[in-house]
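Visitor: Build out the structure end to end from the sequences listed, making use of the hints.
These protein sequence lines map, in sequence, to chains P and Z. Mind the numbering: the first sequence is residues 9 to 738 in this note's numbering, read in order. Mind the numbering: the second sequence is residues 9 to 738 in this note's numbering, read in order.
Just so you know, these hints were derived from the structure itself, not from any lab. Quantities reported herein were computed from a predicted structural model and do not represent experimental measurements. Just so you know, even glycine gets a beta-carbon here, dropped at the ideal spot from N, CA and C. Be aware that one or more of the hints could be misleading.
With a straight-line cut-off of 30 Å between C-alpha atoms, the simulated DSBU-like cross-links for lysine-lysine are [said to hold, decoys possible]:
#  : chain 1 : residue 1 : chain 2 : residue 2
1  : P       : Lys413    : Z       : Lys519
2  : Z       : Lys463    : P       : Lys463
3  : P       : Lys460    : Z       : Lys463
4  : P       : Lys141    : P       : Lys202
5  : P       : Lys519    : Z       : Lys463
6  : Z       : Lys708    : Z       : Lys650
7  : Z       : Lys460    : P       : Lys535
8  : P       : Lys463    : Z       : Lys535
9  : Z       : Lys519    : P       : Lys463
10 : Z       : Lys460    : P       : Lys519
Taking beta-carbon pairs under 10 Å as the criterion, some of the chain P residues facing chain Z (in silico) [to be verified]:
#  : residue
11 : Arg480
12 : Met532
13 : Leu570
14 : Arg573
The chain contents come next:
Protein chains: 2
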Amino acid sequence: MTWRVCEEGFDSSRITSNGNKFMTGNGYMGYRGTMEEYTKNELVACNLPGVYDRVGNKWREPVNAPNGLFTSLAVEGKSIGVLQEKPVCHRQMLDIREGLHWRNTVWDTAYGRVTVEAERFASLSAYHMLCLKYTVRLEKSCEITIKTGIDGDVWDINGPHLEGFSCEQAGDVIRVQSITQELMVPIVVAEACKRSFIAEETIEKQDKGIFRIIKWCSEPDTAYTFYKYVSVYTGKDNVTDMVEAAGEAVLKTAEAGYIRASQDHAACWKTRWEDADVVIEGDEQDQLALRYSIYQLEIIAPFHAQDQSIPARGLSGQTYKGAIFWDTELFMLPFFLHTHPDAAKSLIRYRIKSLNGARRKAACYGYRGAFYAWESQENGDDACSDYNVTDVFTGRPVRTYFKDKQVHISAAIAYAIWEFYRYTGDMSILSEGGAEVILECARFYHSYAYFKEDKDRYEILDVIGPDEYHERVNNNAYTNRMVHHTLEAALQVLQLLKEGNPEVYAELLEKLDYSGEIANIARMKEKLYVIQPDEKTLVIEQFDGYHRLEDCSLAEVKNRLLDPREYWGGGHGVASDTRIIKQADVVLMLYLFRDTYHSEVLKANWTYYEPRTEHGSSLSPCIYALLSCETGNAEWAYPFFKKSASIDLTGESKQFAGTIYIGGTHPAANGGAWMSAILGFAGLCVRDGRVSVTPNLPQKWSRLAFKVNVRGEKYSIELTHDRQNIVKLG
Amino acid sequence: MTWRVCEEGFDSSRITSNGNKFMTGNGYMGYRGTMEEYTKNELVACNLPGVYDRVGNKWREPVNAPNGLFTSLAVEGKSIGVLQEKPVCHRQMLDIREGLHWRNTVWDTAYGRVTVEAERFASLSAYHMLCLKYTVRLEKSCEITIKTGIDGDVWDINGPHLEGFSCEQAGDVIRVQSITQELMVPIVVAEACKRSFIAEETIEKQDKGIFRIIKWCSEPDTAYTFYKYVSVYTGKDNVTDMVEAAGEAVLKTAEAGYIRASQDHAACWKTRWEDADVVIEGDEQDQLALRYSIYQLEIIAPFHAQDQSIPARGLSGQTYKGAIFWDTELFMLPFFLHTHPDAAKSLIRYRIKSLNGARRKAACYGYRGAFYAWESQENGDDACSDYNVTDVFTGRPVRTYFKDKQVHISAAIAYAIWEFYRYTGDMSILSEGGAEVILECARFYHSYAYFKEDKDRYEILDVIGPDEYHERVNNNAYTNRMVHHTLEAALQVLQLLKEGNPEVYAELLEKLDYSGEIANIARMKEKLYVIQPDEKTLVIEQFDGYHRLEDCSLAEVKNRLLDPREYWGGGHGVASDTRIIKQADVVLMLYLFRDTYHSEVLKANWTYYEPRTEHGSSLSPCIYALLSCETGNAEWAYPFFKKSASIDLTGESKQFAGTIYIGGTHPAANGGAWMSAILGFAGLCVRDGRVSVTPNLPQKWSRLAFKVNVRGEKYSIELTHDRQNIVKLG
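Guide: In structure tokens:
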């Protein structure tokens, strides 16, 4: 059972979290794990990444498409659904091997036992398609009414985003057209419904929806099955006639039939798993959790696109504005790089595409170069607000500095491009824009930095590091080291181009007017303040003055909360004046640059910072797992791996920051779980196309097996406690 | 009646404010304007500036001496006092010409009319002495009991500071000895009491006090008068035997008698007023308010000391920890410089004396040079807390940055020393330490500053300007300009010494290891970012990004308060994210450097900033008055003069910052009132020993006359709307 996620029984308090847990998707769209009879009140969403909309001055966020899978049931005119009637039996299941969502619900009614079974998927072989197989069976003979169609009255956090609805029937197809408010992007959802039993069917049009009303008298204990084929198109798709395309897609799929569609879909999943599956023997829970993490990454991977990235909450809804954070580069990219380099390339290209947005942001703050958005939307403009938190005591918005002071974002992007290049050896990513991004990030840092004559060094002032609870600090160890890396990468990229592609080099220098900049970058790299371990304790101070803050326990800080929803950071937060940090910060830096530090330094800092870390971000535990593996301590790493891998299975994560809802899936933690297993426990290291492992399996695990794709070659790797096997596949 | 401040009737709600309003003092001590029968509950205080004490980890503050003037009355065993019985007639009066406090209270009692009249003063001719004349008169014959002596149970905000009490009688003298807790400074208060009527006198000793119980049967309608001579000595006084000195002082004064003591005192006041009085004709209120302001400055002036300064709340108690702020240098020094240069010198020498404290503070933050204390106590160590405000919603202390980020304090001190030198032409202040202070302040700024290569300039980052509502800003126009002035002064001082006193120059350079520093200072002076007026609007932006803040009205910001005691600044304050400022900031800078700006710039900035200024500090209105005079607009200046001059008469000032009591007198506003009149309306300007005026009298004023002391020469200046008369006195 390590390919299935299942819940028994119906619990209305789990509607929201199960919406995340039972997600399906194909990168083009994400479909929440809700019941067919749900509406916006239960947070049904067919989320469309990359299609953003803003209403008034509310937060800009991705659009949810009209729900083409809506289906409700009535027996003898009485609605039957999990919300209306408590079922006697209810199971919700996700088959992660084949990307199928399945539910089976049984009610005891005045008309006897009523059973609904439904299976659906977001097609991995046809990205615009959602398919549903719906079966109803009654113990007795009754009049059954199915209402099924397209529900355009969708869940929005800062909507309504869709307007100008047009709901029509055209032959066998019904469809809903609408447009977004801000940019007037058209959204079309079409549906065809196929059944083999005879029923009376009428069409019901509403302002924001169109439905089929299907009525018949059922035979006792007879299964009635129908199939829905739904397509979603938006104005962002490269098609001439969206309405025609949407109609053709559903008719074509319907004609081939559900079995064919699900076979094609399953075949794609098979390929995905061949590249990405990780086998863990010794603990079934771990096996399932890690596979489930990989599943979550697969359903949001932008295989369908050339230059699309992944939002921080995946495709699970509109939280975090559907924006791309550094999560993608540092926590998701490694998985894709090692298993699906093409998808990785799309993530990188998204940042190349949005370089001008980063330039605009830098200019807006008076800097040169590229200052990437903290919350990046389609054009790289920053969706992040200056006020991200609400004070629970006064209800006032609190000025936060994520947008303007988390300058390490640009370095994360330069790091990712450089890693992509190092991993793939693919110079083309540099010449098609990657080099430009790195150079512009380096230029930004030179423009941001200050020189301290007194200490003969450059410093990076007034920033927020990964630990967001401490705002506007100077010389954050993580940030400074990442900036140093950016400068180094810029110089190396210049050298590479100069030697390998002098034309591109010359063009780029001229385009960017960069000749004069090179000396700046080189000088700054030499003299940038990189915070060193303390000689005695080996601890690296997180930022200037961190060691002067109150050193109290996490429990003590928690104990000071007057309201559980209080924001811990900012001007007045309970953690702000203490050494309690939100997430891995120095430890993240040490992990990223682990090759340049002595193991004793890694240990000392892990031991110092772990008890002071709230792990209030889902990005934190995996990094502690990884660094612990690096010091050879798999057992310390293990609980952090488990926490990271199971976050979306348990649903035990922060749902609120202040009063703002931040629920959804956690692809960065999913990626972190993969990293912990493969880069941590297996100790996989790929350098210059060469593969090595330094395994360190948790005691419980008897075997770990996975594949890795290195520069077009696939390797199968199998590890036990006393054996390593690396096989290059034919 | 322009020499008297008077209140009729008793109002218990005014006990605290009248304690400030009716202050007496002589620089050595301040005695609050309380009734003789009051105790610590009514905030009686004999405040001793320069004697500080800390209890546990509470705020360190100046000590209040045991109250040697305590006197209570009982008639037929029943206590009679304003607190016990509502008087039928009550007058409290301050004679500011002679520095006398006077009260007259009449009660209608069962024993007929009871009258108490008392006059007292803190001697200006004998700084350790307090003298009291106390008269009681009854309509009928009754048994009168007077309890008078030394009450050691004193008012403390963060006390108790005194311990180890010893209360003794020695011949005619009673005395209380005690020591402070922290530094064990002994405090001795002695008292002698003289009367010419016969009464039974016994001594009552208590743990913290010693009292005379004087009983007699009064004749009807007969006045019984006694005199109290009280001396105060501390371990900080340069005497061998404090107890002996204290006893001798009271006996000597008693022997000469009250008339002689008050004549000597009055003679000193006469001299003071000869130097400092300002005559305003045309408005009696203005005349009284300005005289009263001068009076407040006179009673706290450190004439008795060589190197003592003046706390921000004068000698009115322990608020603001009795600490010296920049108030002294920028708002009080001008008065003393122009009227009492010797007292001015003491203020300057205090800063020279505390240079090592400033060095310690700089070093503690990782800087070189001298970073003066924001709240300076006897050794220049900073009494300022990191938490100066309490959040009214959570009761939590709020991290403020006055101490660590208000770096303009050092520049204010350098400015004051330079002004002292320029005014007096007295090089000795430079060679006796003034030069060292200026050089060390300049060194501090070089060590604090950052160089921005991108813009080829030095910047001053992460500061608080005079407007404390905006914390941790970059390139505050005031601060940067003041830093520039410090650098300039340092270079000029070096030049002066090199030419005028090469030995001192050489010594200083060696002592401070300063030779290498000179180039730094010179370079920084050339390239320091001094914020210029906007080309179009002429407005100088208060700090980087100020113009991006919300531009809403003062009324709107006030309207957002949920609690009247809320702190407006800091991380979450109602003003923090708006352009509303606490006090003159750019306008103060423009006033100090008025000679270097075009009048249109002064006007544009006054007009821009005034509506955006809360005037939440008593330092603010006078600066708006001064700058307005500078642009020739006396009528705009006039209400700000009035506000500044009457602050301690009306008692209408902020009593709380958050939940912290900040009441007391406002010597900076008193100094500001004098500046507004003399440097503003009269337009007095003294440069290189030459005196000039550019008068601009308010319409209401028909004549303004005052004196000024320039390099030992006294000038009498008389101005009307059509005449100026400057006479050098013989």
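Visitor: Give me the numbers of the hints this structure contradicts, sorted from smallest to largest.
Guide: Result: hints 1 and 14 break, sorted rising.
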